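Below, each chain spelled out in residue letters.
There are 2 protein chains.
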Amino acid sequence: MSKIVQPRTLSGFMELLPKEQILFNNMKEKIKAAYERFGFLPLDTPVVELSEVLLAKAGGETEKQIYSFQKGEHNLSLRFDLTVPLAKYVAMHQGELAFPFRRYQIGKVYRGERAQAGRFREFYQCDIDIIGDETLSLIYDSEIPSIIYNIFKELKLGDFTICMNNRKLLNGLFASLGLSEIASDVMRIIDKLEKIGKENVIAELKELGVSKEAIDKVMDFIAIQGSTGEVIEALEGLQIQNEVFVEGLAQLKEVTENVKLFGVPEENFKIDLTIARGLDYYTGTVYETFLNDYRQIGSICSGGRYENLAEFYTTKKLPGVGISIGLTRLFYQLNELGILEEAKKSISDVLVVPAFDEIKQAIVISNQLREAGINTESYLNDKKLKAKMKYADKLDIPFLVIIGEEELKENLVSLKNMLTGEQVKVSLEQAINMIKKER
Amino acid sequence: MSKIVQPRTLSGFMELLPKEQILFNNMKEKIKAAYERFGFLPLDTPVVELSEVLLAKAGGETEKQIYSFQKGEHNLSLRFDLTVPLAKYVAMHQGELAFPFRRYQIGKVYRGERAQAGRFREFYQCDIDIIGDETLSLIYDSEIPSIIYNIFKELKLGDFTICMNNRKLLNGLFASLGLSEIASDVMRIIDKLEKIGKENVIAELKELGVSKEAIDKVMDFIAIQGSTGEVIEALEGLQIQNEVFVEGLAQLKEVTENVKLFGVPEENFKIDLTIARGLDYYTGTVYETFLNDYRQIGSICSGGRYENLAEFYTTKKLPGVGISIGLTRLFYQLNELGILEEAKKSISDVLVVPAFDEIKQAIVISNQLREAGINTESYLNDKKLKAKMKYADKLDIPFLVIIGEEELKENLVSLKNMLTGEQVKVSLEQAINMIKKER
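Residue numbers (our numbering), protein chains in the order written: chain A, 839 to 1277; chain B, 839 to 1277.
Keep in mind the hints are simulated off the structure, nothing from the lab. Take the hints with a grain of salt, since some may be wrong.
One copy or any two copies: either way a pair holds, since identical chains are not told apart in the list.
Stated by the list, open to error - Below 25 Å or equal to it, Euclidean Cα-Cα: the simulated DMTMM-like pairs (lysine to aspartate or glutamate) are:
id, residue 1, residue 2
1, K857, D919
2, K1044, D1054
3, K1098, D1195
4, K841, D1118
5, K857, D1231
6, K1091, E1071
7, K1232, D882
8, K1108, E1092
9, K1098, E1243
10, K1224, E1244
11, K1228, D1195
12, K866, E853
13, K1198, E1068
Nothing here was measured: the structure is a model prediction, and the numbers come from that model.
Sequences and hints are given; from them, build the entire structure.
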């Protein structure tokens, strides 16, 4: 007898039961299908990279969270996002890619964060980016919200709002107030508005040494609200002459106007001047997406425009725009809220069961069901019919095809709808049609 | 200017260009669809596990290849296969699962092997297993070849043969020859027959201390060939009375007879008594699969029946049968041989291009194409028409929809078939039908 090791999974690593896994995969598949619908190319980079390459840019908090280790002569790290591997990839293969390079990647990333509910150390990111060769037209900034819109409409999570802003507005405002030197600190604080509230933001800005006048102007600025037209008008009314501000305003105006062209209804997007995105990385348009009824779970899809994807790997300028969905965390939160789509929780459309020992006939009928394109499982273990039905019930398989002595004699099958309990004796062809209709 | 780090990918880690990635994903999707067609449930366990758990059973060569590292108080390892995580999972969740538990998992695993062509340190495994609760009917051993058959028929890699054997035959034979003590060594040597040839196998067996008489009997045994019926007859003719041998022969006879029932044509499977599978783990039926025209690349899908999945984690007996496809290696070899299916190398079905600056109309038409279920990319960067067409060509996008001044006036679009070069002016509806027909 071997020694028993207690089987367990690391905390912070999601591992689902089959029914939840099916729901998770449904979401993942829908995101993938939407990305492909918009012509993004698949990419699948390694989980493990040379630390020197992966951490070329990292530092501070990020670096502390990395899973790094020595193997032979190499220091290796697990990827902590999908953006750095993309930068590496584009820098390596720039001669072989067609630009604008549109890629999606859906994969696991690793961060050794403090374990707590809703925080994961291994989690899926679902990313798209459009990368230009030296330049990338601003019109792509308007395409991104239409992709977000298509995904979340398809996922059926209720009403949602895509919030947009432009980093140049904030940068220009700060410049006009003499805050440029501490712009990224100010932005980081503003970004927390939702989380910590107005009073705390003011307190933190004061602590940073920002003057009362400047704080007032910043708070006035981020208080601007309304329809996209109203916000643009209010921003124009501020009469800020700073060049960067003026450019940001023109971009935001153009981008939000064009979003409508891409078929996104007005009620699904707005300008939100409080959105800055904590990362220094973004330089223009920024996006966050919220479920209207569950704003407390934070942004479920974020991203923006950046000047230069891969400056740590190449001297070539590679501007881009992209978004990311943190699927593991999103799934966890939706599951906690109990608002996951309950539609399809079974892989099999039908379970074929021999009533007694009609195993061979059950196999042949299973083959025929599969040939008709139906996901079919044959229950072949030697158990009582009741146990077989319990199995179908436990797996939420919607149909049962029962093959008994009587059915064989009449060349029919018994088709049981597991939801309604209704059972009919029909030909296999009729059964196939009835199963297909219900899928 | 930041310091430039040379971007590079670790050797032994596959990273594909988009067109190859599309072909890779097509294969992965087809395998997944086939697994789901047979009602297997998805599972997605972490890549990182506690070393104590993951290595409960490992030892020797396997353990040396593991990527292990310390993070905080834990010693962690990257999974080296999908079987150990499955064992852990079933042991942990046995009360919540329905048995027989049919699961598939497609994911990356890690082995720090010596890097060489065709050997990967990160590679995909595509596994299925059917796990019984205390018992699992032998009929499932016959279902497995029908799944293999469906997958490789779908992948269109030419003719293939599923080779089957039963470990009990070999074990029984060895017992009858007094070789039981060194059975696993003998099997390991026999398993190399294909690779090192008959003479070397005999030499290695001699070196192991096996008598000439025993070697002769073993070599006679593994030389038996023919149709499944002929092989069974020849085995019966050996008149070996050993109990284990007799049981193995009865199982092999039953399993191969039932394989036909599952719709696998006779030309796609056979008994091959030389197949032993190196792992001690298998206890009954074993499978290997070969491409008839490319036997040299080795087995492309292997597996078998085992007594007990999770003896290191639970005292509950969990017999099972399963197979694994090493997709990364298979893809690499098919690509090297130049026999990858060339059908669909593009994600987008159509590229919409404004002839000059009809960008807005191109966007609206792109929306309509997507709503019709067509993967559509809009080329919106400000380039000459020729550059736009070159882009479509480089990405192998099969259709171009061109929106020019003239087309707009007539409320038509120009549809160009990129393969034939043919260009027609049609209504958008006609264009949609023509694109859909060609997909």
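| message | Of the numbered hints stated earlier in the document, which are not met by this structure? | response | none
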